[in-house]
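Q: Those protein sequences? They're chains X and V, same order as listed. Heads up: the first sequence begins at 1 in the numbering used here, then just goes up one per residue. Heads up: the second sequence begins at 666 in the numbering used here, then just goes up one per residue.
Quick caveat, the hints were computed from the structure, so don't treat them as lab data. Wrong hints could be hidden among the right ones.
Here are the simulated PhoX-like cross-link-like pairs (lysine-lysine), alpha carbons at most 25 Å apart as the crow flies [what the hints assert, rightly or not]:
1) V:K751 with X:K572
2) V:K889 with V:K1004
3) X:K438 with V:K751
4) X:K510 with X:K49
5) V:K889 with V:K705
Output of the computed footprint for chain X on chain V, the stretches with three or more beta carbons under 8 Å from beta carbons of chain X [what the hints assert, rightly or not]:
6) 841 to 848
7) 1002 to 1015
Every residue gets a Cβ at the ideal spot worked out from N, C-alpha and C, and that includes glycine.
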Amino acid sequence: MAIVEAPQPLTIPEPAQPESTPMGVFQRPTKTTGWRSWVTTIDHKKIGKMYGFASIVFFIIGGVEALLIRTQLATPNGTLLSAQVYNEIFTMHGTTMIFLVVMPLGVAFMNYFIPLQIGARDVAFPRLNAFGFWTFLAGGIILNSSWLLGGAPDNGWYNYAPNSLVVFSPTHGIDFWTVGLITTGLASLVTSINIITTVINMRAPGMTWFKVPVFTWMSLVGQFMLLFAIPVLTAAQFMLLFDRRFGANYFEVSQGADPLLWEHLFWIFGHPEVYIMIMPAFGMTSDIVPVFSRKPLFGYKVMVLSGIAIGFLGWGVWAHHMFTSGMGPVSVAAFAVGSMTIAIPTGVKIFNWMATMWRGQIRFTTAMLFAIGMFTMFTLGGVSGITHAVAPADTQQHDTYYIVAHFHYVLFGGAFLIFMGGFYYWWPKIFGHKLSEKLGHWNFWLMMIGFNMTFGPQHVLGLQGMPRRVYTYLPGYGWELWNMVSTIGSYILALSVLLFIINVVYSRRKAHAAGQYTCEPDPWDARTLEWITPSPPPEFDFWEIPEVRDLDEAWHRKYAEDENGRLVRIAKMEDVMDKPTGRIPHMPSPSYWPIVAAFAVMLIGYGIIFNLGLCAVGGFLLFLSVVAWGVEPSTHTELPPPEPSTPDSGESGAVREIEEVGANV
Amino acid sequence: MIHRPTSRPRGSRRTRAAIGLGAALAAVVAFGAGCVPNAKQDSLKPKGHYAETIYNLVVPVFIVGGVISVLVIGVTLYFAIRYRAKGDETDDENIPEPIHGSTVLELGWTITPALILLVIGFATVVTIFKLDKQPPEQNPHIEVVGQQWWWEFRYDLGAAGTNESDRTYSDIVTANDMVIPAGEDVSLRMSSRDVIHGWWVPELQGKRDVVPGRTTMFNVAADKPGTYYGQCTVICGLSHANMRFTVIALPPAEYKAWLEAQRKPAKMPTSGLAADGAALFKTQCGECHTVRGVHEAPPPDKSPLTAGAAPDLTHLMSRPTFASGMFDLRINSKRCVAKGLDFAEDPSCINSAELRAWLHDPPAMLPMAAEESDVEKNEVRGMPDLGLSPAALDQLVAFLETLK
């Protein structure tokens, strides 16, 4: 390597001074450490961490709700919860897990890793990204504040009309559901716009579409689906809101409305929604299995195309949630066949993961265990899904515990298990240390046992006639045994989650006690671009935007074929990783306005429920925030020199050692 | 030369445990599914031909699904063991060959499932249309009406060939226990008075939702006489879990006799406690409950919540259950059950105690109001607490026990 002259730090030329300096309030914040740096951050990595943390908090809340359900149902004629409280708890459990856990956890990983995987420094609209997070949090707060403000919603997570109307649900519970989800829906919508734009526009040079990692690809498909699905839900929720608050008659039967309108609108959103939830999970599995099989993903193109196929087909199956609604045999037959069709691109993915493992060199890291757990459990959930597609069979299964078993197998066994895998896989990149593999293995096995014990027997309960959403059941129907087994399983599951939390705390303490705040860039010998950055990456992600030549770019920098056509290592990641160039890339400054605007949205939300005057206040604040957002300068005009990083800022230790030798390879 | 370690890697031991556990679990579940006593709502034990048709379709599908699951999980576990990394996991001399595609395999595992699904799909569509056929015109016509939180059954005895829109379904009105003739297809018209409910009697049929503002035609049949249990399946508010019913299939001759008896109005009692009870009934219960021959309740008004739609009690004592099928009206002993629907001929077979408890304070027996304060204000969806004195209860129970 020729030694070149050390490049000088970039000097920002003096801009022509404006006639007047901006008002103080429109200056950008400058804190890079402490709580203020978190509430004003626009860094996708910090936002990803906040999404992750919030999701886990909501997961624990939803999990407690689940334990209450299972404890109530452990025996017939349970008395732990009254009918009213039980109905609120199962409604909140479902709503929380879907909208406040699985979706935002996917977004957490997407936020952190999509820019890194495509070689970008951040997402396309960093402030919008922050706004998305704070708005999601506002929605979660609105929804959960119902517990303290008159009662939670109690009509199930899909909230059928007309039971959702005021005459049947006179308290504010349903309004919290409606407003809370409109708010989180806004967050989802802006985030989808952000991620779509990011992936389309900001891929590193050379990263053509079929070199994009599968996690990013699948997330993109999911975000496209979200873009179209959320407006349908929001429209339905506005209709419901207007029925409840302003005397509209969208769902008022006595005025000629058809309650099935709600069902159709909801499920046109609701079915794509479940694919939206599973897409990032598919992507993660496709990233993790190859790394720990030491082989490329089998059938990359097919994996991408099948994901896109699901993205389209997912729109054509919604009424399989309505097989028993009386919509007539032609509709039922059409949606039955459609639902079977979508099983084909889904099944293909499972076979490709298996083929990736075939003739590989499989390392049973915790991440790999969770990945294998994911697609085996997802297979079981998918097979039960096919049995629902057989519409006559579904008339026996619908609204029973068999359905509850199915969706927990695909959502917990599918999405959540691989999110756990994603934690173990990506933890060193995010935090600079690994989670304990020993605790991780215990975590995995306990979770598998608990999960299967909880939801396996529910297939039996459903086939034996136990409906869902029942606060209790009578003895003498043969349901006692499997309900008890399921409850015990749920406690084991809870224990496994506790073990995960313990692992997080223990691993962090251990690493920091040993002074370890960073670790090697590529602890797993992985394949995709995020592994060429330091662990954790610097604020600006890449010193130099990489040139991408191959799919699995990071892998191909380390390995190549020798003269005999066999793969051999040609470099260690430390040699070919992203190295300091001596100049810190200029990044957009933090901003106050995303959180202020989100707060304004929250005020509007509460105003709709309680007092329209509050809407006016929130609306005015929102207007101000948007104006401020638009006119604030891109950087603080008296920006101090970049501060050296300290451990609690989460910046990479590598930034501290700004080397002024050599250019990047 | 590759050095092979002598100790078995950890992953293998755990994987073997997994297989063993999985197999054991599957066996237990399979065993458990078949061997549970008292499975009153077991969809896997069909007792009517519609449920049998569904069962015959679903069993092969379950088998196919089971085979696929076992294959996928089994092969995965096999790969996990067979291709586990041995020895030094950073062995740079033995990087697996990067086989990453095969058009043959991709086509194979796309087309094979597609063919399997084609067969299943064809069978599914055929069955959908088969199950949708309405029973012959001369068969019984019953309307199933759902409302918070009980089931009403209304019989239309009009002649075969009557237009559906001309049928009033008012010839017999009963609740909780739907009586049908065994061995005959019954035409059902499904409707709701307030919110969406689901009607499901697993041993006889799949479920069908009742949607307010819509009527749908459905059907049911029981092969043999017997009692078949069902309940509501769509969350419909507070007492959704308590919204039960039974279908009672009678031998055809007994069904005819039942129809005859049900068509007769009740006899107004002329003396004793029962006569006092009848008078009390008109004032205390008459706003909502009808007893043909004694009192006609005013028609239910438009508002879905208010009184006016309560079970017709004309032949209350011919029904084995009361209060949404949650309580036995017929004592649940062998002797009394053997009396069938004529149990009330023997007063010792009437569950007077529980009936009395219900009349005394219905909201205490079944949740019908969300808040305690609602109960105190008597804002219940269902039968309110009428504050009946013990003497009043005696009279009412005496009267009700005449409604055979």
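Q: All hints are to be evaluated individually against the structure, with a verdict given for each.
A: Evaluated hints:
The suggested pairing of K751 of chain V with K572 of chain X holds, with an alpha-carbon distance near 22 Å, which does not exceed 25 Å. Simply put, K889 of chain V and K1004 of chain V have alpha-carbon atoms about 17 Å apart, close enough for the 25 Å limit, and the pair holds. A distance of roughly 19 Å separates the Cα atoms of K438 of chain X and K751 of chain V; the hinted pair therefore holds under the 25 Å criterion. A C-alpha spacing of about 20 Å is found between K510 of chain X and K49 of chain X, which places the hinted pair at or below 25 Å, so the restraint holds.
Restraint check for K889 of chain V and K705 of chain V: the C-alpha separation of about 15 Å stays at or below 25 Å, so the hint holds. Here's how the stretch 841 to 848 of chain V fares: 0 of its residues keep a CB closer than 8 Å to some CB of chain X, so the rule of at least three is not met and the hint is violated. For the stretch 1002 to 1015 of chain V, the stated coverage by chain X is not satisfied: 0 residues place a CB nearer than 8 Å to a CB of that chain, which falls below the threshold of 3.
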